[in-house]
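Residue numbers (our numbering), protein chains in the order written: chain A, 182 to 476; chain B, 183 to 451; chain C, 2 to 265.
Check the hints yourself; a few may be wrong.
[Stated by the list, open to error] Derived Cβ-Cβ restraints for the label pairs, each shown as a range: (1) Leu282(B) with Asp178(C): 58 to 68 Å; (2) Gly258(A) with Thr236(B): 55 to 65 Å; (3) Val237(A) with Arg229(B): 51 to 61 Å; (4) Arg90(C) with Gln235(B): 41 to 51 Å; (5) Arg363(B) with Leu278(A): 53 to 63 Å; (6) Gly204(B) with Arg107(C): 40 to 50 Å; (7) Ala456(A) with Arg107(C): 28 to 38 Å; (8) Ser266(A) with Gln284(B): 36 to 46 Å; (9) Thr236(B) with Gly75(C): 32 to 42 Å; (10) Ser266(A) with Ala203(B): 33 to 43 Å; (11) Asp227(B) with Ser266(A): 36 to 46 Å; (12) Thr243(B) with Ser266(A): 20 to 30 Å; (13) Leu225(B) with Trp451(A): 55 to 65 Å; (14) Ala456(A) with Thr243(B): 43 to 53 Å.
[Stated by the list, open to error] So the derived list for chain B, only partly shown, Cβ under 7 Å to chain A, looks like this: (15) Leu245; (16) Ile246; (17) Pro291; (18) Pro298; (19) Pro300; (20) Leu385; (21) Tyr428.
No lab work stands behind these hints: they were computed from the structure. Positions of the beta carbon are idealized from the N, C-alpha and C atoms, including for glycine.
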Amino acid sequence: MSSKAIPTEAAQPPYGVPAEARSKVRSAATGPGRSRVPPWRTRLWQLLWQVGFVVVLLAIWERAAKTADVPYLPPLGDIADGYVSLFHGELLTQELLPSLYRVATGFGIGVAVGISVGLLVGYLRAVEPWVRPVLEFNRAIPVAAVLPGALLLFGATDTMRVLVIAFGCTFPVLLAAIDGARRVDDLMLDSARIAGLSRPQTMVRVVFPAALPQILAGVRIALGIALIMMVISELIAADNGIGQYILRNQRLFRTADVYAGVLVIGTVGWVFTTAILQAEKRMLRWHRGWRSLPE
Amino acid sequence: MSINTLMSLRPLPTRTATVRAGKGLAGIAVAIGLWEAIRAAGLVDRRDLPSMQTVVTTAVTELIDGPLAQAVTASLRAWAIGLAIATAGGVGLGIALGLLPQVEVVTRPLLEFVRPIPSVALIPVALIVFGLGLRMEVILIAFASIWPVLFNTKAGVESVDPRHLETGRVLRLSRSARIWRIVLPNALPAIATGVRTAAAIALVLAITVELVTGQSGIGLYLQTSRVDGQAAQTWAAILTAGLLGYALNAAFLVTERRALSWSQEHRVQ
Amino acid sequence: MTNDASVVAVEQVSKRYAGNSVQILDQLSLRVTEGEFLAVVGPSGCGKTTLLRCIAGLLPPDSGQVLHRGQQLGGPPPWLSIVFQDYNRSLFPWLSVRRNVGFGLRKLPRRERDERVRRALAAVNLEDSADLYPWQLSGGMQQRCALARAIAASPQVLLLDEPFASVDAQTRIDLQDMVLGICRELRLSTLLVTHDIEEAVFMADRVAVLSTRPARVVEEIDIDLGPHRDQLTTKESARFLELRHRVFTEVRRQARPAPATAGG
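The following block holds chain A by itself, in its conformation from the complex (with noise of 0.2 Å):
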């Protein structure tokens, strides 16, 4: 059953852990070593402990909310109606919906051209060793480092933000895609030249499927920095945006605004990154299959 979970540098996102080993984690809920999906009363009572737990927390901040008299600890129900009244309304409209339009946007714009490039760079393998390491540079550079960079350039302006963006996924999806690209089998290549296909072709319907695990795993990660930089741009320079929604509540000591704010952000990364992770899942079966990975 020991498989190795141990993450690879090509498939390992820095953000989070592989789909082989989350795999592993659910089933190693009942003990290291056994792989058997816990019946269902396993499943009920685990349940209970979860939310037993996180009830607990929540009856502690509350506690703590009314006896302690700091600012940090605003009661529970403040946030809830905080939360809440993003997804409504004028604060819908004005914060939290350009935010989307711009990570959104930001996202695209980066993994296609990510995808598009990288393939390219890594089907016409001459080309590589001049570009790489201008790619790795750009990648290794501290996201929040170009902000000032781009504004510098572009001024505040939501093109700015969204160019930001997709600076900052880009690099993780073109090394990944390069990869994806070198890595795809000669013999492969070979039949699609039997077959009759031309570079282009080629790389369209077979070095695009081909690197398509190694492609999802650095998109993974790009959504992870795409999030990021969507809150630095919201935090410096921005008169709308939930980043400056939470940084305007924290100046004017509006705390379970702040944590509301907070408490969207997380939620929007978190629709994403199941998003994701679910495309992911239906798109790579053939993969797991192929490599004989768990489900």
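Take the given structure of chain A and dock chains B and C to it, following the hints.
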């Protein structure tokens, strides 16, 4: 030169390595050329995009003379302390969660809940709780960086071959001895990857905190230069930050490959 | 001069790998005539696969030429198909069997493509598994899928690179019969590269024996066992044993270390 070429323990035929390096340098030259071309084309205000030569010379002077070097030191200080805390905490908690499945199950919803929150979003929260200052920065860095270490350690611990553990029990090793001598080495490659990831996150957090709150460091340097309209200094700082990020990542990789050459991924075929 | 009946002509082809001083092929000449089944055997590592890739048009020779129907082509000709040994590295794992088989037929109108796929799958007995994925199939079935993909393109020439080396003995026998049947029925010109001498003699009309590296053709043996080959009776016949002995001896003679040759 790519990090991979740099880090390979296998001696490359010198000629190939030199050729590769040459191509890489040529690529860098082309990228600089692109920079200058954008500048010349006037797509952006030329004052905002100084020539690469200006940027580099500014970086050198600022690093040798003072302000940028001080900024780098300040950032690295917060980075190092925060990362150290995160590593210690992440490894400890990761081992605990990996070895105590019941605890892992109960705390799982909490962890999965906190995970998707980008740590930069917690800067305002940290300001409320801790106010301004180095303590706030370090705590935030530690909080952000602990997650990759924690989850990777946990995964590494869970992937320990149960037969190895049984061997330990058969040899009558105590619990702590089993952890120290069997579990930990087994999980070390995963931990190393986690720490390397955490290092990158820690640097981003440090710079962001400095940008937003004015804590001294590269972020503050960037903010001040930009607001003062000093484009050369701003780009010089960005360049420095990039080189810093690259160097740190390379340093971690080298250490990993040297120290962990016995592990699966780093084994020379 | 090229013989008009030869569908593939290899003329004085030499090949060495870039950056290597090892000569793989040394002025090798070979012909495949229309409709014949040619087997190529030789000691391990002698360059059989390299030769096959040159013939397929995947690898350009350093000197000499490969003519396809008298013409020099820049790449693989459209009427040539190939089946590789490693089916799990040449079949596309993200496509079903049906889609794999129809892979090269995109340019055709839908109906014709579906018809060709159906016929190819029927020829290899994979109709029931058409919607499965390669990893869900056994080794033999995967190789049949690769075979179906090769013949769906309606080739005139079929190249086989040790196609049965990765399957078990029982499956190998079934596949041999299947390939023979298909080649006869579709009137293909076939070139089989194999290290299995029995297989070569059993299946082929002619066997070419290669030397060790640098490889050239040292002997060509006509297999006059008639068009109908049976796994049991043919392999027991005296003539088969004679031919097998002959090929075996020749290959073995090549495999023994030869005195150092000048050049290469």
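| message | 41 to 51 Å was suggested as the range; check whether the CB atoms of Arg90(C) and Gln235(B) agree with it. | response | 50 Å Cβ-Cβ, so the 41 to 51 Å window holds.
| request: Take the C-beta atom of Asp227(B) and the C-beta atom of Ser266(A), compute their distance, and say whether it sits inside 36 to 46 Å. | output: holds, 41 Å
| request: Could you say whether the range 28 to 38 Å given as a hint is met by the Cβ separation of Ala456(A) and Arg107(C)? | output: holds, 31 Å
| said: Does the beta carbon distance between Ala456(A) and Thr243(B) stay inside 43 to 53 Å, or does it fall outside? | reply: holds, 48 Å
| query | Honestly, do Ser266(A) and Ala203(B) meet the 33 to 43 Å range at C-beta? | reply | For Ser266(A) and Ala203(B) the Cβ distance comes to about 57 Å; the hint is violated.
| query | Quick one: are Thr243(B) and Ser266(A) within 20 to 30 Å, going by C-beta? | reply | violated, 51 Å
| field | When the least beta-carbon distance from Pro300(B) to chain A is tested against 7 Å, hint result | value | Hint holds; Pro300(B) Cβ to chain A Cβ min 5 Å, cut 7 Å.
| request: Take the C-beta atom of Thr236(B) and the C-beta atom of Gly75(C), compute their distance, and say whether it sits inside 32 to 42 Å. | output: violated, 50 Å
| query | Honestly, do Gly258(A) and Thr236(B) meet the 55 to 65 Å range at C-beta? | reply | holds, 56 Å
| said: Restraint: Leu385(B) near chain A, CB-CB cut 7 Å. Satisfied or not? | reply: Check passed: Cβ of Leu385(B) comes within 5 Å of chain A, closer than 7 Å.
| field | Consistency of beta-carbon spacing, Gln284(B) to Ser266(A), with hint 36 to 46 Å | value | holds, 38 Å
| query | Should the interface hint for Leu245(B) be scored as holding, given a Cβ-Cβ cut-off of 7 Å against chain A? | reply | violated, 15 Å
When the structure is compared with the earlier hints, violations turn up for hints 9, 10, 12, 13, 15, 16 and for no others.
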